[in-house]
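Peer 1: If you want the building blocks of each chain, they are given just below.
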Amino acid sequence: MLTVAGLFTALAGVLLGIIWGALPGLSVNMAMVLLVGMTYSLPPQIAIIFLIGIWVGAEFGGAIPAILINIPGTPAAVPTQMAGYPLAQRGEGGAAIGAAIMFSMIGNWAGLAVLVTLAPLMIIIALDFGSWEMFLVAMFGVVISGTLTGKEQAIKGWAMGWFGLLLSMVGTDLIHGVERWSFGVNELRGGIQYLPVMIGLFGLTEALNALTNKRQAPAATKLKRFKPSIRLMRRYWRSALRSSVVGTVVGAIPGAGANIAAYVSYTIGERATGKKFSDGDVEGVVCSEVANNANIGGSLLPATTLAIPGNSSSAIILAALALHGITLGPTVNEDHPGFLPFLFACLLSSNIFMYCLALGAVRPSVKILTLPTGVIMPVVILFALVGAFSVSFSEFDVGVMFLTGLTGYALLRHGYPFAPLILGLILGPIVDENLRRTILIYQGSYEQLLYRPIGDLLIVAIACSFYLGMRRRANP
Amino acid sequence: MVRTAIAIGFAAISTYVLVSSFGLARPGGWPTAPALLPIILSSGLLVMAVTIGWKEYRTRSSAPLQASRKDDRSTRLAWMAAVAMTGGFYFILLRVLPFEVAAGAFLFGMLRFFWNKPGIIRPIVIAVLIPLTLAVIFQAVFHLPLPGNGSVVQSIRDWLALGV
Chain X
1 MLTVAGLFTA LAGVLLGIIW GALPGLSVNM AMVLLVGMTY SLPPQIAIIF
51 LIGIWVGAEF GGAIPAILIN IPGTPAAVPT QMAGYPLAQR GEGGAAIGAA
101 IMFSMIGNWA GLAVLVTLAP LMIIIALDFG SWEMFLVAMF GVVISGTLTG
151 KEQAIKGWAM GWFGLLLSMV GTDLIHGVER WSFGVNELRG GIQYLPVMIG
201 LFGLTEALNA LTNKRQAPAA TKLKRFKPSI RLMRRYWRSA LRSSVVGTVV
251 GAIPGAGANI AAYVSYTIGE RATGKKFSDG DVEGVVCSEV ANNANIGGSL
301 LPATTLAIPG NSSSAIILAA LALHGITLGP TVNEDHPGFL PFLFACLLSS
351 NIFMYCLALG AVRPSVKILT LPTGVIMPVV ILFALVGAFS VSFSEFDVGV
401 MFLTGLTGYA LLRHGYPFAP LILGLILGPI VDENLRRTIL IYQGSYEQLL
451 YRPIGDLLIV AIACSFYLGM RRRANP
Chain E
1 MVRTAIAIGF AAISTYVLVS SFGLARPGGW PTAPALLPII LSSGLLVMAV
51 TIGWKEYRTR SSAPLQASRK DDRSTRLAWM AAVAMTGGFY FILLRVLPFE
101 VAAGAFLFGM LRFFWNKPGI IRPIVIAVLI PLTLAVIFQA VFHLPLPGNG
151 SVVQSIRDWL ALGV
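Top to bottom, those sequences are chains X and E. In terms of our numbering, the first sequence opens at residue 1 and continues consecutively. In terms of our numbering, the second sequence opens at residue 1 and continues consecutively.
In case anyone wonders, no lab produced these hints; they're calculated from the structure. Any given hint could be a false lead.
Rough simulated footprint, nothing fancy, chain X against chain E, three-plus residues with beta-carbon under 8 Å [as the list claims (entries may be wrong)]:
no., segment
1, 83-93
2, 149-162
Sample of chain E residues at the chain X side, in silico, Cβ under 8 Å [stated by the list, open to error]:
no., residue
3, T32
4, P38
5, M48
For each residue, glycine too, the CB sits at the ideal point set by N, CA and C.
With the hints as extra help, turn the sequences into a complete structure.
Peer 2: Structural data, given as structure tokens:
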């Protein structure tokens, strides 16, 4: 990591991430997924440094347009927009931006601290997991993801999760080698690759959606002094601490992304302080930014130790690693010694670079904020095509990307979330293999499964997730 | 209509998977059958699709029309234009033209349609610069091939290499 190339890559990734996040309508996932293909020829370490840098940079970058032009750069920056834009209108945009820089860094530190502390513990627990627990934890990931992202209709989230699981069944079965729905197509024999699907959903779909929701080029509010001050830390440490906990916990729940973390933290913050952040309040920016950045470390916790991504961005990291032949899970320390410390170092350096670059990149970013969608999105579509092709230099992958992009557009406009589908597609093989292995092991004595406490806990968690989703549907 | 069509689509896919699962080989019997999970999943998806479809149908028949027809038409037109140009770029232009030329033509068309600025100079500049930059980054820096019927940048590099 501490090579010139590594540090330079982290720097480039963070800078690109800040700029990308600052461009309204370009999400963190879009940035990461479109650039995965470009990292194909790079050594795996450099590829991961680059992607982590983009992730950290873009998560902060989204706050810039949210505060200055009232358009969130990323979905996770919506609460920042609600609390920050009224401040910018009052001429206090500098204070809001300063707080966003300072507390994005603190959020990242918190996420990293949790990851460093809990990852070894999580690995010890995960090593005790049998097939039954692995099956249940993967199913829990898909169900809770559907519950949390399905908005007013959790059933749409579950349907997407189930559809993702079904898509993952395509290809040669892992136990008997039986071909399932590959229709004689060579590319389908190995299963549907999830990177082209992700590029279709987060690249093409979102670009089409932005192009059909035309908006006028916004005017940026003036930005005065914005240096982050240590006084902010003394003043808002309680909110920072609370939001760190919220951000990391939400991040560790599969499928719950930075946007959910930011919303939950913002709402809890309003209740705890008794303030109305939407009138314009730096503390609202603090709650939102700490949570959406702490989410990074939190989401990497299940991704690294259980191979279950905490959100779509960590799913992209898993996909990028798979592209380089690296699979994570409870045996990560044996299979890839030194990988976890390397990942911690990536997050650490990206966070430091994010803080330094943010100080210099905010003013130039303001200039590009006003670029119209009609210019940005055609370039995004071009990137999506090239990115899908670069996954395995196959025109078939571009076709998959095109098909999922078009289908995704219809699904997005009718309230179907993408995170459960991605999670289902990634976790499908784990669910399939472990369910059948469990049946084989416990054949004839299934009652023994009830004497496995972690399994029982997971069954209760799955039942609670379904119950919460159904209750929300009953009381919208 | 699209909302109901999505539910019907899910129902159709799950029914197809459910029925065809029974035709899959079962080398170790049902407990380890490759069709076991697909049967469970497709049954679940079928129930969900029917529930969603029924709910969408009920909402549609009771809710007033919210979006204006004019908005619908302009959205549909923008969507069709974007899809047609992207499809044309991938399925036609890239088969016959080098990457930079095909991408340039695609970008120029998209910019002219979606960018509400008069004049053609700026779209031309963007349509030339972006594909060229992409080609240089992918081919000269990362040594990755690009889609398309060849590449201008690659041809120039080959020509220069031959010259040396």
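Peer 1: Does the closest beta carbon of chain X sit nearer than 8 Å to the beta carbon of E/P38?
Peer 2: At about 5 Å, which falls below the 8 Å cut-off, the nearest Cβ of chain X leaves the hint on E/P38 intact, so it holds.
Peer 1: Three or more residues of the segment 83-93 of chain E near chain X by CB distance under 8 Å?
Peer 2: Since three or more residues must qualify, the claim that chain X covers the segment 83-93 of chain E holds, with 5 doing so at under 8 Å.
Peer 1: Confirm or reject the coverage of the segment 149-162 of chain E by chain X under the rule of 3 or more residues with a beta carbon closer than 8 Å to the chain's beta carbons.
Peer 2: violated (count 0)
Peer 1: At a threshold of 8 Å, is the proposed contact between E/T32 and chain X supported by beta-carbon distances?
Peer 2: With a minimum Cβ separation of about 5 Å from chain X (threshold 8 Å), the hint on E/T32 holds.
Peer 1: Holds or violated: is there a CB of chain X closer than 8 Å to the CB of E/M48?
Peer 2: Holds, about 4 Å.
When the structure is compared with the earlier hints, a violation turns up for hint 2 alone.
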